[in-house]
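Enquirer: Taking my numbering, the leading residue of the sequence shown gets 904, the next gets one more, and so forth.
Hints were generated in silico from the structure; no laboratory data involved. For each residue, glycine too, the CB sits at the ideal point set by N, CA and C. Hints may be right or wrong, so weigh each one.
[As the list claims (entries may be wrong)] Dumping the calculated EDC-like pairs for lysine to aspartate or glutamate here, alpha-carbon to alpha-carbon at most 20 Å:
1. LYS926 / ASP981
2. LYS966 / GLU994
3. LYS979 / GLU934
4. LYS937 / GLU927
5. LYS955 / GLU994
6. LYS941 / ASP909
7. LYS979 / GLU965
8. LYS955 / GLU993
9. LYS941 / GLU915
10. LYS961 / ASP981
11. LYS979 / GLU927
12. LYS979 / ASP962
13. LYS966 / GLU993
14. LYS979 / GLU993
15. LYS955 / GLU999
16. LYS937 / ASP981
17. LYS966 / GLU999
[Said to hold, decoys possible] Restraint ranges, calculated between C-beta atoms of paired labels, are given here:
18. GLU987 / ARG931: 19 to 25 Å
19. ALA930 / THR985: 17 to 23 Å
20. ASN975 / LYS941: 30 to 36 Å
21. GLU934 / MET958: 31 to 37 Å
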Amino acid sequence: MQTRDDILQKLESVTAVESSKWKERVARKAENPKVLEKSRIIAINILAHLRKLGMSQKDLAEKLQVTPQTVNSWVKGDANFTIETIVRIEEVLGVELIGVNVG
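Given these sequences and hints, build the entire structure.
Expert: Below is the structure:
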């Protein structure tokens, strides 16, 4: 029969050392609703263009030399895209995801 200390030691050995950062992510999303909305619009556009081109998320990942998990995080709609990432996606999909007005 295992003692309480044995059970606690076993639990400590299988639990994460670092805490999850979900609270920080939720707070960031709440503080930046406009950023979140733009990110969702970009995600919808990426998915629409993938469908139009007959491409999968995996295909996009391969062309951009990123992991499929990275693309999946983008299309969930809560990514904080860099300009570089957006430009690379635009080049692969042959579309403009963000318009920039000059002047």
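Enquirer: Run through the hints listed earlier and report the numbers of any the structure violates, in increasing order.
Expert: 6, 9, 20
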